[in-house]
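Engineer: Those protein sequence lines, which keep their order, are chains R and A. The first sequence stops at residue 1039 when you use this note's numbering, and every number in between is there. The second sequence stops at residue 1039 when you use this note's numbering, and every number in between is there.
What the hints contain is simulated information worked out from the structure, not anything from laboratory work. One or more of the hints may lead you astray.
It does not matter which identical chain is meant; a pair holds if it fits inside one copy or across any two.
[Said to hold, decoys possible] Below 20 angstroms or equal to it, Euclidean Cα-Cα: the simulated EDC-like pairs (lysine to aspartate or glutamate) are: (1) K868 - D883; (2) K733 - E959; (3) K810 - E662; (4) K692 - D680; (5) K1020 - E888; (6) K748 - D831; (7) K690 - E776; (8) K834 - D707; (9) K733 - E948; (10) K775 - D944; (11) K810 - D641; (12) K971 - D944; (13) K1020 - D919; (14) K973 - E940; (15) K858 - D667; (16) K811 - D866; (17) K857 - E1021; (18) K737 - D827; (19) K858 - D707; (20) K1011 - E959; (21) K973 - D944; (22) K971 - E940; (23) K847 - E888; (24) K894 - E1007.
One letter stands for each residue in the lines below.
Protein chains: 2
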Amino acid sequence: MNVAIMSIGDELMNGFTIDTNSSWIAKRILEYQSLDVVSKITVKDDPVDIKNNLDGLIKNKVDYIFITGGLGPTHDDITKKVLSDYFNVDLVLNSSYYSRLKLFFKDKNIKKSSNLKSQAQILENSVPIPNRYGTALGMKIKHKESIIFVLPGVPKEVKGMFEEGISSLYLSPNFKKEKKYITLLTTGIYESKLFDMLKDIIKQNIDDFSVSFLPKYTGVNIRLSKKESSACLEDFKNNIIGKVGKYVYGFDNQNMENIIADKLFSNQLTIAVAESCTGGYISKKLTDISGSSLYFKGSIIAYGNSIKEYFLDVPNELLSSYGAVSSEVAVKMAESIRRKFKSDIGVSTTGISGPDGGSEDKPVGLIYIAVSMKNETIVKKYNLIPYRKEHRNVASHTALNMVRLLIK
Amino acid sequence: MNVAIMSIGDELMNGFTIDTNSSWIAKRILEYQSLDVVSKITVKDDPVDIKNNLDGLIKNKVDYIFITGGLGPTHDDITKKVLSDYFNVDLVLNSSYYSRLKLFFKDKNIKKSSNLKSQAQILENSVPIPNRYGTALGMKIKHKESIIFVLPGVPKEVKGMFEEGISSLYLSPNFKKEKKYITLLTTGIYESKLFDMLKDIIKQNIDDFSVSFLPKYTGVNIRLSKKESSACLEDFKNNIIGKVGKYVYGFDNQNMENIIADKLFSNQLTIAVAESCTGGYISKKLTDISGSSLYFKGSIIAYGNSIKEYFLDVPNELLSSYGAVSSEVAVKMAESIRRKFKSDIGVSTTGISGPDGGSEDKPVGLIYIAVSMKNETIVKKYNLIPYRKEHRNVASHTALNMVRLLIK
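Whole structure, please, built from the sequences with the hints as guidance.
Structural biologist: Next comes the structure, spelled out in structure tokens:
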């Protein structure tokens, strides 16, 4: 069955807002055996454009059409009005939902806005899709051979409404797919190098599997997809791991933070961080995970040399003879934070994220990362991408990967 | 003149990757007087789909077509091959670019991959668009009434190649627009409330200006667009500010971090942070800005109570009688970090980001934020969105906004 996703909004067309909803929905649809996303389009807040595009999808007999955006309370939110015109059906108030909305605003002590009522209106004969994450009520419309889901544009609302009001109710659990995709997360190796290592195996299995390489600055994801075939995806995955396993740190929806969290938790280890150039990014990543207080003790962000000296006990002589960006200082930082915060692991970074501060000896991109554990402290020097934003992200990712490899 | 953006990639269609390129290009195109984005489509790595969609755009006489994606070194990168078929033109090696690539890999001591050559190939008679940020060479193709720019899919490469190899060369500077858009960044107020305050003024000016509300968890952006009219956008902006100015913290491409950076720098003030629930997020935001070492001293991330006690001098009695999440502890944290790190401003957060740790008295979402300056310490209690990821982001944003208001 075919699925189309139509994202409505001037702000999407002119680029003021990045459309994450269509990707999220598409990725979720992948999990259903018999559903296939065939169209993803962006449409302006324009009645004619919206009607024409919707009409095209309905004429093409697309089974499920997801419409997001334009359900808000302001004058530029026109989706419901346009659908009411297109289907020639009135908008009616869903009174139970409206009561809940009023109650919510009363509880929060917010003066009710005059256009709150519009948020609880849907097309007559449509089925409401409740919204626990915002104010706009969604709806399901059946028309000719298509089922149309109409959702707001706020990502959190789309996700919540899809999970609670669409997937289990309408996209029958029978659709659940056998696993046809596996993604291997790699880091520390170039895409072209990976491809070189894998091209023979890819060629040998070309009838059964397709392999895609998705490069990001923090690493390359390798996605394995099974074609219409009886071959075993798990076997193919193990084959691939046989070749490039040392670069693989996780699978599918995992990320470095979650993997580190699991490792620290299951090994009952605690961690503390001394950050210079990463400026809090490692700590932020570690605490993104709920329950991180079980293993994360805290950090000292030592941006200036005086903080390194007085709060991380880095001797002034070390700073003046080797410079703040040096393996000696990184080691001292990691050992000090571990000792001071009484953690099992201490991690430190000191480097030059740029754009300024580089020299011939110590160019932008240079970083020293140290990890201190009970019996050893390891320090590594990297020349990472010399752009500030990416440098800080890759540096934090690399530091966590060093921790991962050491716990292993 | 019309512009279309075609993003190629299975990973975009199935949602594994979010398409940020089309938004970025669209936003950049907005700056040109006579260019208008009329189409944004996502296409699979499928020769027929790519050809059909391109053919449609060329038949519709779209003036500029931007194609991104599928230029990489691996077997699933088929864009060049498909274009070569479609235009019936051979791929040829651009030898000067190939020499540069080889040199780059030699410099980096990376074993040259066997398929590097393909990265330097473009269509015969096309004009090369160099890529300083990655390996794939781009190209400009003239066909019938359309000019087609072909770029890789990596966002950093798209941006660099657009700025260095397309905008000034081909999208003549004459196109530069008079300013037709202003975005006001607001925080601390609901969208529906803002709309209530502005609906009369919007109605009165409906012939000259359109107004869009773009809600995010950290605030609502209000975008003012001038229609075909001789009215003054600046006057209209000032009118709007007259109504809702106290919620406006910036304009257009500014963000809270940049605004704080400017304020701290121009007032020659330094800052230090004591973070509990935000776990490094505030420090990360502050150091996202290059040159932040001029005003950012450092932070202590005090996740556990013992760190609050021993490194931020929060008395144990305070922690046990009021709890770690309390205004008393927030004040002490802000004052201690300011004194210890010898900064002009100390900021602190202590709260419950969830999903666990909430109680009836202190629910998930609760946070105390304190800002300490020379003559005063201010502390505020907020009940923010009770979802971990958003809570941490909104909390960090709110803390920086408190700093902004105090410096002002």
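Engineer: For every hint, state whether the structure bears it out.
Structural biologist: Hints and how they fare:
no.	hint	result
1	K868 - D883	within (12 angstroms within a copy, 47 angstroms between copies)
2	K733 - E959	neither (62 angstroms within a copy, 35 angstroms between copies)
3	K810 - E662	within (8 angstroms within a copy, 45 angstroms between copies)
4	K692 - D680	both (19 angstroms within a copy, 19 angstroms between copies)
5	K1020 - E888	both (18 angstroms within a copy, 13 angstroms between copies)
6	K748 - D831	between (62 angstroms within a copy, 19 angstroms between copies)
7	K690 - E776	within (9 angstroms within a copy, 30 angstroms between copies)
8	K834 - D707	between (52 angstroms within a copy, 12 angstroms between copies)
9	K733 - E948	neither (66 angstroms within a copy, 42 angstroms between copies)
10	K775 - D944	neither (73 angstroms within a copy, 69 angstroms between copies)
11	K810 - D641	between (37 angstroms within a copy, 18 angstroms between copies)
12	K971 - D944	both (10 angstroms within a copy, 15 angstroms between copies)
13	K1020 - D919	both (18 angstroms within a copy, 7 angstroms between copies)
14	K973 - E940	both (19 angstroms within a copy, 14 angstroms between copies)
15	K858 - D667	within (14 angstroms within a copy, 40 angstroms between copies)
16	K811 - D866	within (13 angstroms within a copy, 58 angstroms between copies)
17	K857 - E1021	neither (33 angstroms within a copy, 36 angstroms between copies)
18	K737 - D827	between (62 angstroms within a copy, 17 angstroms between copies)
19	K858 - D707	between (44 angstroms within a copy, 15 angstroms between copies)
20	K1011 - E959	within (11 angstroms within a copy, 42 angstroms between copies)
21	K973 - D944	both (15 angstroms within a copy, 17 angstroms between copies)
22	K971 - E940	both (14 angstroms within a copy, 13 angstroms between copies)
23	K847 - E888	within (16 angstroms within a copy, 25 angstroms between copies)
24	K894 - E1007	within (19 angstroms within a copy, 44 angstroms between copies)
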